[in-house]
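Participant: The chain contents come next:
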Amino acid sequence: MDWHVIQANLPLLLRGLGTSLQLAAVAVLLSFPLGCLLAIGRLSRRAWLSLTCGGFVNLMRSNPLVLVLFWFYFLVPIITGRAVSDLGSIVIAFVIFFSVYFAEIVRSGIQSVGSRQVQAGLSTGLTYPQTMRHIVMPQAIRAMLPALTTQCIVVFQGTTVAYIVGYDELLHTASMAAERTGRPVELYVAVAVMYFLVCTAGSLLARNLERKS
Amino acid sequence: MTAPIIQIQDLGLAFDGFTALDGVSLDVMAGQCIVVCGPSGSGKSTLLRCVNGLERFQRGDVVVDGTSVRDCRDLPRLRRGIGMVFQHFELYPHMTVLENVTLAPIKAKGLSKAEAERVALHYLDQVGIADQAGKHPGRLSGGQQQRAAIARALALEPKVMLFDEPTSALDPEMISEVLRVMLDLARSGMTMLVVTHEMGFAREVADRIVFMDRGSIVETAGTAQFFSASQTERAREFLHKVLAKI
Chain A
101 MDWHVIQANL PLLLRGLGTS LQLAAVAVLL SFPLGCLLAI GRLSRRAWLS
151 LTCGGFVNLM RSNPLVLVLF WFYFLVPIIT GRAVSDLGSI VIAFVIFFSV
201 YFAEIVRSGI QSVGSRQVQA GLSTGLTYPQ TMRHIVMPQA IRAMLPALTT
251 QCIVVFQGTT VAYIVGYDEL LHTASMAAER TGRPVELYVA VAVMYFLVCT
301 AGSLLARNLE RKS
Chain B
1396 MTAPIIQIQD LGLAFDGFTA LDGVSLDVMA GQCIVVCGPS GSGKSTLLRC
1446 VNGLERFQRG DVVVDGTSVR DCRDLPRLRR GIGMVFQHFE LYPHMTVLEN
1496 VTLAPIKAKG LSKAEAERVA LHYLDQVGIA DQAGKHPGRL SGGQQQRAAI
1546 ARALALEPKV MLFDEPTSAL DPEMISEVLR VMLDLARSGM TMLVVTHEMG
1596 FAREVADRIV FMDRGSIVET AGTAQFFSAS QTERAREFLH KVLAKI
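First to last, the protein sequences are chains A and B. Everything in the first sequence is counted per this note's numbering, starting at 101 for the first residue and increasing by one. Everything in the second sequence is counted per this note's numbering, starting at 1396 for the first residue and increasing by one.
Hint data in this document are derived by calculation from the structure and do not stem from the laboratory. None of these values were measured; they are calculated from a predicted model. Just so you know, not all the hints are guaranteed correct.
Claimed, not checked - Chain B is faced by these chain A residues, among others (derived, beta-carbon under 10 Å):
| hint | residue |
| --- | --- |
| 1 | 122 |
| 2 | 216 |
| 3 | 228 |
| 4 | 230 |
| 5 | 242 |
Unchecked claim - Label-pair ranges, simulated between beta-carbon atoms:
| hint | chain 1 | residue 1 | chain 2 | residue 2 | range |
| --- | --- | --- | --- | --- | --- |
| 6 | B | 1513 | A | 162 | 55 to 61 Å |
| 7 | A | 214 | B | 1410 | 16 to 22 Å |
| 8 | B | 1567 | A | 215 | 26 to 32 Å |
| 9 | A | 125 | B | 1462 | 48 to 54 Å |
| 10 | B | 1639 | A | 307 | 50 to 56 Å |
| 11 | A | 125 | B | 1436 | 49 to 55 Å |
Ideal placement from N, C-alpha and C gives every residue a C-beta, glycine not left out.
Using the sequences and the hints, build the whole thing.
Facilitator: What follows is the structure, encoded as structure tokens:
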């Protein structure tokens, strides 16, 4: 075992970690709002909207992330005849894939608040959007907080899928270094520790938020 | 003679093959307190929820202060004039009592925060819980919560108040504090449509009592007459059970 190889490659690994975190942040920031829209659409009384959103959620949930990424990386350029940048196809695939998981979390959060609170809001002359915004969503988000943070951690771990198309996230960076130095064990241990630390920090943060709310 | 402030005309509503309301008609004059009673599942709550358009009916109409609920294009505006109090209070647990009461005056009516708080404190004082304004509903007793919910409805200064079994979820010792508030409200001239099993309250303040069963009004009578000489067997049977309470 040669642990110096970690020290020597640490700046590289940290840059990879930074890329992974950024990718996860962008994916969460874009897929959560999309997930909220999908959830509200799915709960709509308009059948066409509810069915469309529900169908999309089920379709995406029954496909693995790698396949969704393949679609945007390899197939969309063929179909449209236009190249999509590496980062572009990764972000699109992640946002579409993870939005449906956020949608399911948001849907159950909204449903946990219950229709009687909605009726109370409506009975005082608030409009439906006002009722959602001031009465339902604040309570729903509180109820969803644990599931949301878990999902953020899953997104962060999911960024490793970008490895497949050779994007320089943490895992890909480590595998390149491992090949170059011939020290896979040390480098993969270092990567495992990094994932462990970030995810544990995330869980602790979540538990803290939960206790406060 | 002035027109009734609430006119319920041949109201019909069915869902999933179950007839919830079957041709209900009822007029309420301004300032009247009408008590609606009857066994559970008789359509009392549904009737109330049709008055402010929370429930969509298929037949007939409700006209509130000249506005047809069926044709109403602006239900939020209509509902501002109709206060509603629910069995389970339905206060918003993430807000303080004061925020519960000021939300709709600010967002729906467009009052300034300061003005809304002034109005809210006036009504919280009227129901006797102004000192609880800064607390969250979860810290209040059931009776206090229901009084806060009444203040929330009153803060919009409605012309009509609907009460949907306001004391059914309360412990016995808290029922009277809520009934006292309702009694004062009725005596101050508020128009009230009250679904309740509290026959003591009905006897004290109701101008008329409506007895419903299986989606229809079976009997409607002046209060004294209802208690002394109900015309229908079903109403007599119901009264006997409610008054005996065993």
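Participant: Now tell me, hint by hint, if it's right for this structure.
Facilitator: Results of checking the hints against the structure:
| no. | hint | result |
| --- | --- | --- |
| 1 | 122 | 33 Å, violated |
| 2 | 216 | 5 Å, holds |
| 3 | 228 | 9 Å, holds |
| 4 | 230 | 5 Å, holds |
| 5 | 242 | 7 Å, holds |
| 6 | 1513/B <-> 162/A: 55 to 61 Å | 56 Å, holds |
| 7 | 214/A <-> 1410/B: 16 to 22 Å | 19 Å, holds |
| 8 | 1567/B <-> 215/A: 26 to 32 Å | 29 Å, holds |
| 9 | 125/A <-> 1462/B: 48 to 54 Å | 51 Å, holds |
| 10 | 1639/B <-> 307/A: 50 to 56 Å | 54 Å, holds |
| 11 | 125/A <-> 1436/B: 49 to 55 Å | 53 Å, holds |
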